[in-house]
Amino acid sequence: MSNVIKVKRGVDVKLVGEADKDFAAELPVETIAIKPPDFHGVRFKLSVKEGDEVKAGSPLLFNKDSEQVKFCSTVSGEVAQIVRGAKRRILEVRVLADKEIKYEDFGAADPTSLEREAIIEKLALSGCWPFFKQRPYNVVANPDIVPRDIFISGFDSAPLAPDLGLLLEGEEKELQTGINALAKLTSGQVHLGINADKPAGSALSSLKGVKITKYSGPHPAGVVGVQIHSVSPINKGETVWTITPEHVVIIGRLFETGKFDARINIAITGAEAKERKYHKTIIGAAAKHYVLDNVSDKENRIISGNVLTGTKIETDGYLSFYERQITVIPEGIDPELFGWLIPKTDKFSISRTLPSWLMPNKKYELNTNLHGEKRSYVVSGEYEKVFPFDIYPVQLIKAIITNDIEAMENLGLYEVVEEDFALCEVVCTSKSPVQQIVRQGLDLMKQELG
Amino acid sequence: MKALQNLLEKIKPNFEEGGKLEKLYPVYDGFSTFLFVPGHTTPNGSHIRDGVDLKRTMNTVIMALIPTLLFGMWNVGYLHFLAIGEEVTFLDQFLFGAIKVLPMVVVSYGVGLGVEFIFCIIHRSQIEEGYLVSGMLIPLIMPVDLPLWMLALSVIFAVVIGKEVFGGTGMNIFNPALIARAFAFFAYPSFMSGDSAWINTSVKEGQAVVDGFSGATVLGDLAVSGTTQYSTLEMMIGTIPGSIGETSVIAILLGAGLLIFTGVASWKIMLSALAGGAVMGMIFNAVAPYALSPEQQAFMAVPYWQQLIMGGFAFGIVYMATDPVTGSQTEHGKWIYGFFIGFLAIMIRVFNPAYPEGVMLAILFMNTMAPLIDHYVVQANIKKRKNRLALKKA
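Residue numbers (the numbering used here), protein chains in the order written: chain R, 1 to 450; chain B, 1 to 394.
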C-alpha cells in the first residue's frame, strides 16, 4: 500500500549535540507565553488584560480577520504581562501558571459523528485552530476554505531533530482520534509521510484513515513541503493544510477529554547545551526551565527550533508555538585571519573547496558565523543540489527580489514556504537571506492575489 | 594576529562616517575583509552556514590557474631561447619568462582592482571578488609581447564596459576577461595575431633569431597552409607558441581536474563543449573533400580530436566558458550552452582565417545566447506546471 519515495537532492548537516534518548525529570512550568510573531500575517486583538485569571483553553487573543479563531492560554493562571514592541505591536502575552492546571471544558465528542462545521467550531474556540498551517502563503489556515488535502510529516530530518517516536510515545489513541477529526476537514485525503530509513514507533505506522507514503534520503526528506511536492504538488488555486503529529495529538485529546491540553515533549539539543535530554513540557513554556544553568559559558545562541528554521530567543524567552526542540550553539563572533583561504576542518561545506568532503561522517560543532559577506549571485547550480523540488530556486528568488508577481506564480511560489529553502540558505556562497526573501514573496503575493 | 586586528580596529574610525577618509571606506573594508573574515553572525533564518564564500570560490579558480601560469612562464623563456638558438638551463628559461609575465599579472591586477575600487567608492558599495579571477585570466590569454599599456587599456575597457556598467560582479553579460582580449584583438590586431606576436624574440647584442624560425601558432599555420610543424605531443605538453596560458593541455587538465573536483566549475559545460567541438570536427572531416580551397581542405581534414587540443580551445572551455555569471545558469541549459561553444569555436576557426582563434568569439556569442537558453529551459518548467493544472481541471 505504501511506496517509498527517494529524495536525492539534499544534505544531512551532522552536528554535535543530539539529545539522549530518555526523558529528564519533569519540571513544573511556571510561566508560558503566546507569541503573536509566531503566527505570521495574523492581525491580533487581545481578549484579556493584565491581571485576568484564565484557564487552559481560555482565549488570550483572537484574529481580527477571522474572529472565531482564538489563540488560547495553554495553562491556567494569571495574565502576568502583555509585552508590546514598536507601534504597540503585541509581542508576548505571558501567563503565570497555577500549580495545578484548570481546563476550560469544551465537551468530549466523537469526531466521526460530528459535522465539519462542528469540528471547526470546536477547534477554533479551543485554541487548536492555529495548529493548521496553510499553503500557499504559510499562514494559519483559513477555516472558510476546504483544503484539497492535509499533510502530516511523521518524521523530522533536520539537524539534531528529536525522534518523533519519543515525542509521541503513548499517544496512539489520541493520535487516531485527531486523525479522525482531520479527515472531516478536507475534501481529499490526510497524508502521512514516514521515514523509510528509520521506521518510527508503532504510533504512526498503525494509524488508520491516512494515506501513508514512505520517504528515504537526506534532509529535507522530512520537510512536509517536500512530501507534498512529491505526492501531489499544489497548483494555482489549490489549498493544502499542514499540521505536525504532536498537534494532532492535542486535537485528539480535545475530542477525547474536552480539554485544550497542550502538553508536548521537546528535546534539548546542540553542542553548547550541557544536559541534552527530552523534556515533558507545555506549548509556550518559558525556556529558562531548560536552559538556565544548562548551557556552557561561551557566548551562545539559544534557538527555539532547529538550526535551519528556528527562532533566536533569550534565556528568559519562551518556546515558539510550532517548535519541538531547543538548540544551543555558539555564536561565531570572532574574526578569522585569512578565514577564506585556510582549509580548516571545523567548517562544513557541500562543495569540496573545504576538507569536509574527507570526513563524511564527522559531526560538526558549527557556530553562527556567516563565513563571509553578502554578495551578488555568482555561483550557479548550488541550490539545486539541496532543493528536491521541480522548481528553479534561483530564478524564483530573483523573481521575488524584482517583485515580479507573474513570474513568482509561474515559477511555483504557491508550492513552497520559507523552510523549504532553508538548506539553500545554508549552502549559499553569496550568503543570501533566502528564507527572508521567500517570506517577502509570499507576503507580496498574498497581498496582491490572496 | 591580535595586534593586526587591533590595528585595523584602531584605524577604522578614520574610514567610518564622519572620519577623515570616509570616502575610502570600501578600500578599508576590502583590505580588512581580505585579512579577516568578519565575525558577522547569521540573522534569523538558517543559523548555520556553509564554510564557503565567494573569496574561497574565486581563490579555488586562481589555484586551478597556477599550473598554466607556471608552465606559461617557462614556455615563454623556452621559446625565446629556442628562437635565438641558445641553450640555457631550465631555471634561466623560467626566470626569463617570469620577468616577462609577472609584470603583466601585476598590471592586470593593479589596474583592474584600481578601477573596481574607484567604482566602489563612487557607489559606496563593498568590493566584490569577481576581478580576482579575471585579473589572473587576462594576462594568460594575451601574447607575451603585448605592451603593458595596451594590457592596461584592455583591462580598463573590460572592467568598465564589460562589467561595471552592468552593475558589477554577478551582473555582467560578457566574460570580462574575454572582453579584454576582444578589445586588444580588435584595437591592436598586429600585436594580437600573425607570426611574430607569440614569441619574445627581443635580442641583445650578439644574439640573433635563428634563420627560418617561424613563430606562427598551430592555428596560424593551419589557416595559411593547412599544415603545422608541431606534433600532437607538443600540443599536449604545450611547448608551442600561443597566448601565455593556453598552450599546455596537460596544465589545463590539471586545473580542470581541480575545478571539477571542488565543484567550482561545471563539468557539464566542459564535457558538452568538448562534445560540440568533436562533432563539428567530425563534420569537417566528413566534408573535407568538398572544401573550396586546398588550404581549407587540409584544415578541415585535421582529425577532430586534434582540433580539441589546438589553440585556446581547452583553455577557453575550462576557464572561460564555465564562468557561472555569463554562462547558462540552469542545469539543462548548461548542456546546450557548452555544446554550442565547442561547435562554434571549431567552425569559426576553420571557416574564418582572419580569426584563427574561434573559441573567444564562440564564448562571447554564447554569452549573449545564455539568457535565451535559460529562458526556454525555465519556460519548459513553467509550461509543465501549467499543464499539470490544466490536466487536473480537465
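Hints should not be assumed to be uniformly reliable.
As the list claims (entries may be wrong) - For each label pair, taking beta carbons as the anchor points, the in silico distance ranges come out as:
#1 R:206 - B:63: 49 to 59 Å
#2 B:17 - R:374: 12 to 22 Å
#3 R:68 - B:43: 47 to 57 Å
#4 R:280 - B:24: 51 to 61 Å
#5 R:345 - B:224: 51 to 61 Å
#6 R:28 - B:24: 33 to 43 Å
#7 B:387 - R:14: 38 to 48 Å
It should be emphasised that the hints constitute simulated quantities derived from the structure, not laboratory data.
Ideal placement from N, C-alpha and C gives every residue a C-beta, glycine not left out.
**residue 374 of chain R and residue 17 of chain B - C-beta distance against the hinted 12 to 22 Å** = 20 Å, holds
- With respect to the beta-carbon atoms only, verify the hint that residue 206 of chain R and residue 63 of chain B lie 49 to 59 Å apart. 56 Å, holds
* Range agreement (Cβ of residue 14 of chain R with Cβ of residue 387 of chain B, hint 38 to 48 Å) -> 40 Å, holds
| query | At the C-beta level, are residue 28 of chain R and residue 24 of chain B separated by a distance inside 33 to 43 Å? | reply | At roughly 59 Å between Cβ atoms, residue 24 of chain B and residue 28 of chain R fall outside 33 to 43 Å, so the hint is violated.
*Per the hint of 47 to 57 Å, is the separation of the Cβ atoms of residue 68 of chain R and residue 43 of chain B within bounds?*
The hinted range 47 to 57 Å is violated for residue 68 of chain R and residue 43 of chain B, with Cβ atoms some 35 Å apart.
Does the Cβ pair residue 280 of chain R, residue 24 of chain B satisfy 51 to 61 Å? Taking Cβ atoms as reference, residue 280 of chain R and residue 24 of chain B lie about 59 Å apart, which means the hint holds.
Could you tell me whether the CB distance from residue 345 of chain R to residue 224 of chain B stays inside 51 to 61 Å? 55 Å, holds
The structure shown violates the earlier hints numbered 3 and 6.
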